[in-house]
Amino acid sequence: METFPAMPLADWQDTKETLHRYAQIVGKIRLAASVRRNHWWNAPFHVTGRGLTTRPMGQVDGNPIFTVDFDLVGHRLLVATADGRAASFALPGRSVASFYEETLRALDGVGVHVDLARPWPFDLPDSDRPFAEDTEHASYDPVMVMRYWQVLSQVNLLLEEFAARFSGKTSPVHHFWHTFDIACTRFSGRVVEQPAASDPVTREAYSREVVSFGFWFGDDAFPEPAFYSYTAPEPEGLATEPLLPASARWIEQRGGHLAVLRYDDARADADPRAAVLSFYESAYQAGAGRAGWDIAGLACPGGVTDPRLP
1 METFPAMPLA
11 DWQDTKETLH
21 RYAQIVGKIR
31 LAASVRRNHW
41 WNAPFHVTGR
51 GLTTRPMGQV
61 DGNPIFTVDF
71 DLVGHRLLVA
81 TADGRAASFA
91 LPGRSVASFY
101 EETLRALDGV
111 GVHVDLARPW
121 PFDLPDSDRP
131 FAEDTEHASY
141 DPVMVMRYWQ
151 VLSQVNLLLE
161 EFAARFSGKT
171 SPVHHFWHTF
181 DIACTRFSGR
191 VVEQPAASDP
201 VTREAYSREV
211 VSFGFWFGDD
221 AFPEPAFYSY
231 TAPEPEGLAT
241 EPLLPASARW
251 IEQRGGHLAV
261 LRYDDARADA
271 DPRAAVLSFY
281 ESAYQAGAGR
291 AGWDIAGLAC
301 PGGVTDPRLP
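To convert, note that position 26 of the sequence shown is 26 in my numbering; the numbers rise steadily by one, no gaps.
What the hints contain is simulated information worked out from the structure, not anything from laboratory work. No experiment lies behind these values; they were computed from the predicted model shown. Note that beta-carbon positions come from the ideal geometry of N, C-alpha and C, so glycine has one too. There could be a bad hint or two in this list.
To be verified - Using C-beta positions, here's what the derived DEER-type ranges look like: (1) GLY74 to ARG249: 35 to 43 Å; (2) ALA82 to PRO245: 31 to 39 Å; (3) ARG190 to THR240: 17 to 25 Å; (4) ARG190 to MET1: 25 to 33 Å; (5) LEU9 to GLU234: 20 to 28 Å; (6) MET1 to PRO245: 21 to 29 Å; (7) THR135 to VAL304: 19 to 27 Å; (8) ALA117 to ARG267: 35 to 43 Å; (9) GLY74 to ALA268: 17 to 25 Å; (10) ASP83 to GLU224: 39 to 47 Å; (11) GLU161 to ARG36: 28 to 36 Å; (12) THR135 to PRO233: 36 to 44 Å; (13) ARG254 to GLU193: 25 to 33 Å.
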């Protein structure tokens, strides 16, 4: 597999918009049928050897234990229960409305019944249109979907490697279906009092001080794939800190600053993996340093905390 294959947004934007809405449908099932975890850690997907999984859920809501998996090699959605029942259907050539209908039918076929509180997109331009009425988004390019999963797989392991260097509270590496990015977050442990006007999603996500690291595939605001990092709340002077490699930069976004390394700049580096890891590390040093974290005390060289181990 090529390291960081070409992934221009223009080559698969229509497919990405469709797949994003597929993911939101399954993500809302995950949200409804899983045990609540701090910072919404129960909601995201995890990367598998063939695509994405919700991980097991159910039981606490009266449903059997079940999973929903995107097989992005065979291009199918698979619903399976712990007692061996399964249902699946093909993804190509299917509108969001058709996907929504078939997903509910597959769940019903294995004895799973989930009530979605808001069965329409979250934070997308068509957030006022129910999934069941979306026949507009119906593009599915299997080649680009496979490449999307290959890129996710590579970034997933890079983030796992980077996460191993930190001994404090850290999130899993997970793929958020609402923003369509893959991320890992480090926590200082300090409580952050959110403004009263903050929405419930934001209040829970940022109830503690964090430095977060991730990758997204591009959107209307930043129309190309990129690696990123941010510190929340943002400490004074953050954007004056240096970043590595030299092609990385700070950009203004939503009233704050985001550290960004363009995917194509990482691809062009002599050692793309090392370039991304150096970017994440420089962004961490910038954010944690400005916020006064105990950087040395939270370090975990080689993924080891036991001082007796080499």
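Numbers of unmet hints, in rising order: 2, 4, 7, 9, 13
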